[in-house]
Amino acid sequence: MGIRLLTPFAALFALTALILLAVFVLRWRRLRAIRAVLGLEQPSLRSQLSLAAAIAAVPLLLGVAAAQPVVETTRTVPERTDVQVFVVLDVSRSMLAAPAPGAPTRFERARGVALRLRNELPEVPFGVASLTDRVLPHLFPTTDGRVLAATLAQAVDIEQPPAGSFYATVATNLNALRSVPETNYFPPSAKKRVLVVLTDGETQPAEGELARAFKRRPRIQTVFIRFWDEDEQIYETGVAEGGYKPDSGSGPALARTASLVGGRVFEESDAGQAAAAVREAVGEGTTVDRRHESGRLALMPYLTLAALIPLGFVLLRRNLWWSRNAVFVAGPWAARNLGHLGRLREGARVGGPPTRRSAQLRGQASPPAGRGVAP
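So the sequence shown is numbered by this note's numbering: it starts at 1 and just counts up by one.
These are computed hints drawn from the structure, not numbers from a lab. Ideal placement from N, C-alpha and C gives every residue a C-beta, glycine not left out. A hint or two may mislead.
[Unchecked claim] Computed beta-carbon distance windows for the label pairs:
1. A150 to F13: 33 to 39 Å
2. T81 to V239: 47 to 53 Å
3. G112 to V314: 33 to 39 Å
4. G145 to P187: 31 to 37 Å
5. L297 to G39: 51 to 57 Å
6. V239 to P8: 53 to 59 Å
7. E209 to L297: 50 to 56 Å
8. E182 to R146: 29 to 35 Å
9. T7 to R32: 36 to 42 Å
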């Protein structure tokens, strides 16, 4: 667990507390001199220190809040460093097919299988990619299950992105899988590499270039899981789309693709056997402890609210009073000074014409606005 500042330079706002304190000290010294001339009792140093602390606390708290501190908690999970798995989901429009309106689509079922595979092998790093006529990585292999689940739920969707070219019939092209071994999806440290392709098998014909790409070393062990049924239709609007017909040749096409890359094909109903095949390909290995962020707590709103406490204290000291003969939070010295002011006024009524000195005293001893008794 630790605290990190997202915008550390914003904390410089706290330096404005020095300006406020300088103004406070200058004002306090001026008022102290005036009270000495009038012979008034000086307020206690303790009361002034509490006010100064409250004045400085407001910009200090707001400055720290502006830096956006967050408390980060971490967790440690075991992780295999010798193996990685990439799950590739077909995101072509045919994956919207479902057995009935409102039933889970092929894509939704494939996403569920991907999560189950990861949960069965939590110590193995899993990555996520999408497939149409090209392969696009969305998440490189990690053992953080929450990140993988969020990626599947929020980043991977049908035709996101769409196919790069227009296809009148089938948009999926499994030949695009050759980019996985050719563009280094796996790091050199991953001696065991597994590719799990979740598709309906409705694809363009596979070509020899795919086979040559998958002959590179280290070999990528590939598992295909087919989500398809001849009775499935696309019910995006609640009614079956007339433009889509399940391709009965998808099974043989997927089997040919698997033979080119040296992989295996499983039907959706055999997902358990497919998971066993992935587990066999992964094998056993040593693990290391890997730290992952498990949570964040933003402190900015709490610090901003906390700044209201010293601000309220300053406002109470400045503007409020209780009753006719008592000043709120002003201290006993204020009552004595008000008594002195009363005596000055009484002397003015009894005596003759006011002298210059008495006029000065009456004018200077009048309580400041907001800190006196009600007349």
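Hints versus structure:
Checked against the given bound of 33 to 39 Å, the beta carbons of A150 and F13, roughly 34 Å apart, stay inside it. Checked against the hint of 47 to 53 Å, the C-beta distance between T81 and V239 comes to roughly 51 Å, which is consistent with it. Between G112 and V314 the beta carbon distance is about 58 Å. The supplied range of 33 to 39 Å is therefore violated. Taking the beta carbon of each, G145 and P187 are about 20 Å apart, not inside 31 to 37 Å as hinted.
Distance hint check for L297 and G39: the Cβ-Cβ separation is about 56 Å, which falls inside the suggested range of 51 to 57 Å. Against the hinted window of 53 to 59 Å, the Cβ-Cβ separation of V239 and P8 comes to about 57 Å, which satisfies the hint. At roughly 51 Å, the beta carbons of E209 and L297 sit within the given window of 50 to 56 Å. For the pair E182 and R146, the beta carbons lie near 31 Å from each other, so the given range of 29 to 35 Å is met.
A beta carbon spacing of about 40 Å between T7 and R32 agrees with the range 36 to 42 Å that was offered as a hint.
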